[in-house]
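Enquirer: Residue-level listing of the chains:
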Amino acid sequence: MPILSKPWIILAALTYLAVVFAIGLWAARRTRDARDFFIAGQRIGLLVTALATMTASYSGFVFLGGPGLTYRLGTASFFICVSVSFTAALLCWTVAKRLRLMSEVREIYTVPDAFFHRFDSRLTSGLAALALLVGTIGYLGVQFRALGVLIEAIFGTRAYFGEASPWVAMALGISVVLFYSVAGGMIAGVYTDLFQGLLMMLAAVAVFVTAVSQAGGPAMLVESIRTSRDFGPAFLDPLGGVPVMTGLGFFFVFSIGTLGQPHMLHKFYMLDDPRKLKWMPLLIGGSQTLCVLIWMGIGLAVPALVAQGRLRALTRPDDAAPAFLLNFAPELLAGLVFAGILAAIMSTADSFLSIGSAALVRDLPLALRRPLSNELTAGRLAVVLIAVAAALFSHFYGDLIALLGTFAFGTFAAALGPALAVGLNWRRVTARAATASILTGLILNLGLEIANRYQALPFASGVLPSAVALAASFTVLFAVSHLSPPPAEPAPDMQAVMEA
Amino acid sequence: MWTIRVLALTGPVLLLSMLWEHPLAYFLFALGTTVLAVALMRLGAARRGNRAPNRRLDLILGPLWIVLSACLMGIIYYADSSWAPWGVPVGAWLLLAGLWLLPLLWVSLGYAATFDRFGLRQEDLHEVRRAARRRGEES
Numbered sequence: 001m002p003i004l005s006k007p008w009i010i011l012a013a014l015t016y017l018a019v020v021f022a023i024g025l026w027a028a029r030r031t032r033d034a035r036d037f038f039i040a041g042q043r044i045g046l047l048v049t050a051l052a053t054m055t056a057s058y059s060g061f062v063f064l065g066g067p068g069l070t071y072r073l074g075t076a077s078f079f080i081c082v083s084v085s086f087t088a089a090l091l092c093w094t095v096a097k098r099l100r101l102m103s104e105v106r107e108i109y110t111v112p113d114a115f116f117h118r119f120d121s122r123l124t125s126g127l128a129a130l131a132l133l134v135g136t137i138g139y140l141g142v143q144f145r146a147l148g149v150l151i152e153a154i155f156g157t158r159a160y161f162g163e164a165s166p167w168v169a170m171a172l173g174i175s176v177v178l179f180y181s182v183a184g185g186m187i188a189g190v191y192t193d194l195f196q197g198l199l200m201m202l203a204a205v206a207v208f209v210t211a212v213s214q215a216g217g218p219a220m221l222v223e224s225i226r227t228s229r230d231f232g233p234a235f236l237d238p239l240g241g242v243p244v245m246t247g248l249g250f251f252f253v254f255s256i257g258t259l260g261q262p263h264m265l266h267k268f269y270m271l272d273d274p275r276k277l278k279w280m281p282l283l284i285g286g287s288q289t290l291c292v293l294i295w296m297g298i299g300l301a302v303p304a305l306v307a308q309g310r311l312r313a314l315t316r317p318d319d320a321a322p323a324f325l326l327n328f329a330p331e332l333l334a335g336l337v338f339a340g341i342l343a344a345i346m347s348t349a350d351s352f353l354s355i356g357s358a359a360l361v362r363d364l365p366l367a368l369r370r371p372l373s374n375e376l377t378a379g380r381l382a383v384v385l386i387a388v389a390a391a392l393f394s395h396f397y398g399d400l401i402a403l404l405g406t407f408a409f410g411t412f413a414a415a416l417g418p419a420l421a422v423g424l425n426w427r428r429v430t431a432r433a434a435t436a437s438i439l440t441g442l443i444l445n446l447g448l449e450i451a452n453r454y455q456a457l458p459f460a461s462g463v464l465p466s467a468v469a470l471a472a473s474f475t476v477l478f479a480v481s482h483l484s485p486p487p488a489e490p491a492p493d494m495q496a497v498m499e500a
Numbered sequence: 001m002w003t004i005r006v007l008a009l010t011g012p013v014l015l016l017s018m019l020w021e022h023p024l025a026y027f028l029f030a031l032g033t034t035v036l037a038v039a040l041m042r043l044g045a046a047r048r049g050n051r052a053p054n055r056r057l058d059l060i061l062g063p064l065w066i067v068l069s070a071c072l073m074g075i076i077y078y079a080d081s082s083w084a085p086w087g088v089p090v091g092a093w094l095l096l097a098g099l100w101l102l103p104l105l106w107v108s109l110g111y112a113a114t115f116d117r118f119g120l121r122q123e124d125l126h127e128v129r130r131a132a133r134r135r136g137e138e139s
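Keeping their order, the protein sequence lines are chains A and B. Residue numbers for the first sequence follow the working numbering, so the first one is 1 and each next one is one higher. Residue numbers for the second sequence follow the working numbering, so the first one is 1 and each next one is one higher.
Looking at chain A on its own, in the form it has when it is part of the complex (with noise of 0.2 angstroms):
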């Protein structure tokens, strides 16, 4: 798309790098072991926590995939994203508050630290860790190829570099999150997660209101998609336009799935006190709820233009977001929403790289009784090589953004969320029914989403893998802890912990 002709989007494209670049040089200066470097030093604030946490689980998936999702699902997509009411305080409620008083009272950096000191098993941390990994690369690969497709939209990189120019604009957003990433680990993270995290609600309120305007209001968005061949009324009904079963197994993953998610668990250990944590519900769900409103404005704006006759249909649907910025936002605020998209985009990536590097150089290393003599050193170059693999499996598993990272989100979901949320709660929960758990939840969302792929699930139609996953992870979870036996008394700490 030839968008040279607009300054405006490019300078404020250019503007956000420059800022993002600044906070990662300064913030390289503040970082001196792996606990700043990891957990950011425990002494992160309540809106500073709350906003990452944010920006961390608001991504390429809900910002450009998400209105790429609505195009072609209608309104069934929107049951990914609503369960925000309620995931922030089922997150505090049942896993937050537990895992930020265990950093109290351990050496805790990672969710396979949090395991590995619950279960005193190293063969269950290290089958997390390998669970993140997995997981990561997924997420990674989302935020990767929704990179390229933005900034192939913003730098207009098709006109010069042809065919490669997606690997292009995808190597140039990855270099700009690797220095950061590289050089200011998490107190990098955290502090350009406050400033994605601002640009991210505002970007996503003004889009809204713009696009629902650029439709002819509300009333005749409606009427438009309703009278529309191409949509029609069943473009609107949630259950319209997938089988029943799509729609809930959409809830289901993103509601409860949000237990397992080590991006967003992570960040309540950077908060300085866990009594804080009294106002996080509010301040995530507010937050992430200003954010959907992008989703939700520009996944409808789309559709309705198309039965307008003002826009073309689109032949891919993930390019929703860049054509309605392109050819109907003005160029100050398209500019703008640019860079909260290219900042939601860079703070998960950011997040998944920290974490990554964190299970490949910490977790793995020390569930082999093999511990790292320099972490800081090795997290770094940890970071270079899973950018890496993420790009080339972002490559080869060519999907939608949004089912690339339905993929992502059900793997932490299945593998991570039962054990750490019943298992942080109730004594009862044993290591062996932890790690069974753990590799039910594993296996099973990569082979449904395999036989999936060649159509052989064996469920109802419409069933999604990773919603078999966590449902089959929470069943071996409370199996397996009812026919071992009892484990032994935790230690007082622990005991504190799980009691508080």
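No lab work stands behind these hints, which were simulated from the structure alone. Heads up, some of the hints might be wrong.
[Claimed, not checked] Not the full set, but computed from the structure, chain A residues with beta-carbon under 7 angstroms of chain B: (1) T75; (2) R226; (3) S228; (4) V244; (5) L439.
In this text the structure is predicted, and so the values were computed from the model without any measurement. For glycine and all other residues, C-beta sits at the position ideal for the given N, C-alpha and C.
Add chain B to chain A, keeping to what the hints say.
Expert: Here is chain B on its own, set in the frame of chain A:
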């Protein structure tokens, strides 16, 4: 103990409903999802292993469960219905109002309002820190 029993049952119920190609399975799956979400919140809110029913907690979680379940079931029941106030299918209204906007304020403010009772008490935090110090001294 009932929270644990309910949680232990929801996994198999959800799995069965995904195997069963029948309209009733949709309602079962929806119910399983909302029960699991609310039971997990209740499990997390329990202190010192006390998971007995608590009126104040149930005042927050009960209505949440009712709204989520009713809206999900309404969306299933009214799928493909021609009832569309202001042109928007009733299922979409239930999705946006009942699953998204209504629970947000209710549960977030409910969490904050009961934080000192079911979240984290100052004395519990002191107890955890004391335990950490004792562990440090012993090692």
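Enquirer: Indicate, hint by hint, whether the structure satisfies it.
Expert: Consistency of the hints with the structure:
no.	hint	result
1	T75	holds (5 angstroms)
2	R226	holds (6 angstroms)
3	S228	violated (12 angstroms)
4	V244	holds (5 angstroms)
5	L439	violated (15 angstroms)
The earlier numbered hints that this structure contradicts are 3 and 5.
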